[in-house]
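Please model the complete structure; the sequences and the hints are all you need to start from.
Numbers in the numbering used here are just positions in the sequence shown, counted from 1, shifted up by 6.
It is possible that part of the hints are untrue.
[Said to hold, decoys possible] Derived lysine-lysine pairs resembling DSS-like cross-links, with alpha carbons at most 30 Å apart:
#, residue 1, residue 2
1, K57, K125
2, K77, K26
3, K26, K59
4, K77, K134
[As the list claims (entries may be wrong)] Okay, the calculated beta carbon distance ranges per label pair:
#, residue 1, residue 2, range
5, N109, F48, 30 to 38 Å
6, D135, K22, 43 to 51 Å
7, K94, I63, 15 to 23 Å
8, L47, I105, 19 to 27 Å
9, C52, Q132, 25 to 33 Å
10, S117, V40, 17 to 25 Å
11, F130, R95, 19 to 27 Å
12, K59, T131, 20 to 28 Å
13, R73, F48, 21 to 29 Å
Hint data in this document are derived by calculation from the structure and do not stem from the laboratory. Built from N, CA and C at the ideal position, the CB exists for glycine as well.
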Amino acid sequence: MNIHADLIQQYADDWKETYKPWERWQWLDCGQWVDATNPLLFNLTCKYRRKPKTININGFEVPEPVRTPLKDGEEYFYLELLDSSLYKRALWLGYKMDINRLNLGLCHLNSESAALHAKALLSFTQVKDNGV
Numbered sequence: 007m008n009i010h011a012d013l014i015q016q017y018a019d020d021w022k023e024t025y026k027p028w029e030r031w032q033w034l035d036c037g038q039w040v041d042a043t044n045p046l047l048f049n050l051t052c053k054y055r056r057k058p059k060t061i062n063i064n065g066f067e068v069p070e071p072v073r074t075p076l077k078d079g080e081e082y083f084y085l086e087l088l089d090s091s092l093y094k095r096a097l098w099l100g101y102k103m104d105i106n107r108l109n110l111g112l113c114h115l116n117s118e119s120a121a122l123h124a125k126a127l128l129s130f131t132q133v134k135d136n137g138v
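In structure tokens:
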């Protein structure tokens with residue numbers, strides 16, 4: 007069985023909706039996810055994924071927050087606007103605080119996404135530097 011069989015099926019489903027399904031995909035190159043620019047061949051030595059879904063906040067494309075409960079003990083990052091990093095790390099334990107953060111759309115699976123989300127929200131109210 008091909009290790010990419012499930013991904014190939016998703017890719018085929020994308021092809022039913024668009025003539026350029028690769029525009030929805032990325033491949034891993036030297037540890038960085040890169041947008042596909044041509045049809046994918048699903049080489050057995052490469053890794054592939056669908057592009058993460060994003061939301062637009064005040065002109066910022068932000069990775070979509072986690073929408074479903076995580077597994078117990080799974081690491082996540084949530085927005086913390088009063089912290090200099092703009093996020094905090096937590097482990098999902100299914101506590102009320104975890105559920106509240108999830109329902110508010112504040113949870114991300116990596117710190118970069120949480121920080122970008124926080125910056126996008128702050129862009130609504132942050133004072134702009136006018137060189138004064």
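Hints versus structure:
Straight-line distance between C-alpha atoms of K57 and K125 comes to about 21 Å, which keeps the hinted pair within the 30 Å bound. For a cut-off of 30 Å, the pair hint linking K77 to K26 is broken: about 34 Å separates their Cα positions. Annotation: proposed proximity of K26 to K59 holds, straight-line Cα distance about 17 Å (limit 30 Å). Distance restraint check for K77 and K134: the Cα-Cα separation of roughly 40 Å exceeds the 30 Å cut-off, and the hinted pair is therefore not satisfied.
About 37 Å separates the C-beta atoms of N109 and F48, a value consistent with the hinted range of 30 to 38 Å. For the hinted restraint 43 to 51 Å between D135 and K22, the CB-CB distance of approximately 48 Å keeps it satisfied. A hinted range of 15 to 23 Å holds for the C-beta pair K94 and I63, which are about 19 Å apart. The given range of 19 to 27 Å is broken by L47 and I105, whose C-beta atoms sit roughly 42 Å from each other.
The hinted window of 25 to 33 Å between C52 and Q132 is violated, with their beta carbons roughly 40 Å apart. Range check, S117 to V40: Cβ separation about 21 Å, and the 17 to 25 Å hint holds. The given range of 19 to 27 Å is respected by F130 and R95, whose C-beta atoms sit roughly 25 Å from each other. In this structure the supplied range 20 to 28 Å holds for K59 paired with T131, their Cβ-Cβ distance being about 26 Å.
In this structure, R73 and F48 meet the distance hint of 21 to 29 Å, their C-beta atoms being roughly 28 Å apart.
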